[in-house]
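Colleague: Residues per chain, in single letters:
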Amino acid sequence: MTATQKRIIINRLALAFSTLSAVIALAFLFWILAVLVMKGVDALNWNIFIYEGSPPGYEDSGLKHALIGQLILVGLATLIGVPLGIMAGTYLSEYGKSSNLAHVIRDISDIMMSAPSIVIGAFVYAIVVMPMGHFSAWAGAIALAIIMIPIILRTTDDMLQLVPGTLREAAFALGAPKYKVILDVVYRGAKAGILTGVLLGIARVAGETAPLLFTSFNDNFFTTDLNEAMPSLTVTMFNYAISPYDDWQQLGWAAAFILSMFILGLNILGRLILLAGKRK
Amino acid sequence: MIDKIFLNMTRTSALLILFIVAWIFVVLFDHSTEAMRTFGFDFITKDEWAPNVDKFGAYAAIFGSVASTFLAMLLAIPVAIGVAIFLSEIAHDKIKGIFGVSVELLAAIPSVIYGMWGLFFFVPILRDIFGGMGIGLMAAGIVLAIMILPFMAAVTRDAMNTTPDILKESAYALGGTQWDVIKDVIIPYAKAGIIGSLILALGRAIGETMAVTFVMGNVHHTPRSIMDPTTSIPVTLANEFTEADSSLYFSSLFGLALTLLVMSFVVIAVAKFYFLRKVRKGQ
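Residue numbers (our numbering), protein chains in the order written: chain P, 284 to 563; chain Z, 89 to 371.
Just so you know, the hints here were simulated from the structure itself, not pulled from any lab data.
Remember, predicted model here, so these are calculated numbers, not experimental data.
Possibly wrong hints are sitting among the right ones.
What the hints assert, rightly or not - Below, simulated DSBU-like cross-link-like pairs (lysine-lysine); rule was C-alpha separation at most 35 Å, straight line: (1) P:561 x Z:360; (2) Z:360 x P:380; (3) Z:279 x Z:184; (4) Z:360 x Z:256; (5) Z:184 x P:474; (6) P:474 x Z:360; (7) P:289 x Z:271; (8) P:561 x Z:182; (9) P:474 x Z:92; (10) Z:184 x Z:256; (11) Z:184 x Z:271; (12) Z:360 x Z:279; (13) P:347 x P:474; (14) P:561 x Z:92; (15) P:474 x Z:182; (16) Z:271 x Z:360; (17) Z:256 x P:561; (18) Z:256 x P:289; (19) Z:92 x P:289; (20) P:461 x P:561; (21) Z:184 x P:561; (22) P:474 x P:461; (23) Z:360 x Z:184.
Claimed, not checked - Pair ranges (Cβ atoms, derived): (24) Z:100 x P:441: 45 to 53 Å; (25) Z:139 x P:441: 43 to 51 Å; (26) P:291 x Z:249: 48 to 56 Å; (27) P:529 x Z:133: 37 to 45 Å.
We put the beta carbon where it would ideally sit given N, CA and C, even for glycine.
Could you put together the complete structure from these sequences and hints?
Modeller: Okay, here's the thing in structure tokens:
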């Protein structure tokens, strides 16, 4: 066998291995997706949206409490996290630029993006739940907001930096003060990018379970009281899945399906907005 | 005037990040001092975790975290590199787009769902093959590997894609096969980025809670075999935080949280500052 033949054979083997691993990876991931869709669609029905949780064995049990709770928690987290994240990102891009302080903030925020979310839960437990004396929706929302801020900060910073400096200079030349330039020129130019960042940030925290386990805790009934424990799809899913009851496990899969579709939808929407923005 | 207010508002928000991170460390440290004072180094070297007699040694949980992450990395790294090579070099442009986006979307699926799949579909298979409960270190490692795979493959692919086309083309012009180009041009060029990406994935895996909580067993014993049920830091926190009934118990759980935070902080910082910084400078 010549050296060339050997190289060709090795080449084929290596490429085959790489394609094979792609196939294996896809197979596992599609297995999970298939389970999610089949189990989820199987368990879906209108009762889920009409009824709240009930003890196992009852016909009229649903996920209304968890759906609404999830929306409240994620909504509150968005209200807290998005303005802070966008303002912090604005500071880095427009004022801090490449100062040491800005770099330190970027680095720390990047690390926070991958920090274990359960630790954030423990932290919020210590600063909110312990002083209040009980679990609350506020605590859950604060935990989610802390996870969200670094994501929004990073995308805002990146997207604002993409806005050409000449646009800012043109506005300054017209005599606009800096805040006007940022609000009316820079934000307008980076609108699509910031919106995408917000959507991805929401998608990321919507799937979090760990930081909610001991902050917003869980509840099997419908509630809108922000000072009380609040059910969420993720924690409900967790509790139902580890329960020994068939009908609860079914509801768990329904919750998993609804939540995944919501998150995938946000992700796809975010990508489309970014694409549309680029095309202009 | 408004200019000043705007500057101060944005600056305060930016500084808030630093403040929150510092606050997290202070709070966790503060709450774990009781455990540290009581047990000292025994906290991380002993594996007796007995809430009924107020004895807490975190060794089993730390070992479980490290072992399950190690196992997951062992399984996921070769596959992720294979997928990354496939995505950046082999696949046709159209497949690249579709496959690439679906890998990224899979990375967004909530990890609790990977855990549910593991419990209901994968653990029974392990049980049939190896006997026993199926729940344990092995199940945790595999589920964790599958969960981290999309993220790992996506960032590794991005690292490989930084190789300039002109370098690859020169190697092809010299008569290199695709594999020659991959191993002698792309991998050396993107080495720092690839390693950084893999470590970043490791940092994620070590703090992952929901994918492993279902399948690990939450038993505070250092496992004797890979099939034994055991626990990890996040699993212990998820299962016991709301049950803790003594202040020492609480303090020990906060100690676990602090240990986990320090571990993941170090891992991610190494990935970011040592490996990925090089990449950014190189560009």
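Colleague: Hint by hint, say whether it matches the structure.
Modeller: Results for each hint:
1. P:561 x Z:360: Distance ~28 Å between residue 561 (chain P) and residue 360 (chain Z) Cα, so the pair holds.
2. Z:360 x P:380: Distance of about 20 Å is within 35 Å: holds.
3. Z:279 x Z:184: Holds: residue 279 (chain Z) and residue 184 (chain Z) sit about 22 Å apart, inside 35 Å.
4. Z:360 x Z:256: Roughly 26 Å between the alpha carbons, so the hint for residue 360 (chain Z) and residue 256 (chain Z) holds.
5. Z:184 x P:474: Given pair residue 184 (chain Z), residue 474 (chain P) holds - Cα atoms ~28 Å apart, limit 35 Å.
6. P:474 x Z:360: 28 Å, holds
7. P:289 x Z:271: Roughly 15 Å between the alpha carbons, so the hint for residue 289 (chain P) and residue 271 (chain Z) holds.
8. P:561 x Z:182: 20 Å, holds
9. P:474 x Z:92: 24 Å, holds
10. Z:184 x Z:256: 18 Å, holds
11. Z:184 x Z:271: Roughly 20 Å between the alpha carbons, so the hint for residue 184 (chain Z) and residue 271 (chain Z) holds.
12. Z:360 x Z:279: The given pair, whose Cα atoms are some 14 Å apart, holds under the 35 Å limit.
13. P:347 x P:474: 34 Å, holds
14. P:561 x Z:92: 33 Å, holds
15. P:474 x Z:182: Holds - the C-alpha atoms of residue 182 (chain Z) and residue 474 (chain P) are around 29 Å apart, at most 35 Å.
16. Z:271 x Z:360: 24 Å, holds
17. Z:256 x P:561: 28 Å, holds
18. Z:256 x P:289: 21 Å, holds
19. Z:92 x P:289: 70 Å, violated
20. P:461 x P:561: Holds - the C-alpha atoms of residue 561 (chain P) and residue 461 (chain P) are around 26 Å apart, at most 35 Å.
21. Z:184 x P:561: 20 Å, holds
22. P:474 x P:461: Judged against 35 Å, a Cα distance of about 18 Å means the pair holds.
23. Z:360 x Z:184: Holds, at roughly 27 Å.
24. Z:100 x P:441: 45 to 53 Å: Since the Cβ atoms of residue 100 (chain Z) and residue 441 (chain P) sit about 21 Å apart, the hinted range of 45 to 53 Å is violated.
25. Z:139 x P:441: 43 to 51 Å: For residue 441 (chain P) against residue 139 (chain Z), whose Cβ atoms are near 46 Å apart, the range 43 to 51 Å holds.
26. P:291 x Z:249: 48 to 56 Å: Since the Cβ atoms of residue 291 (chain P) and residue 249 (chain Z) sit about 26 Å apart, the hinted range of 48 to 56 Å is violated.
27. P:529 x Z:133: 37 to 45 Å: Hint holds: Cβ distance 44 Å, inside 37 to 45 Å.
Violated hints for the displayed structure, listed by number in ascending order: 19, 24, 26.
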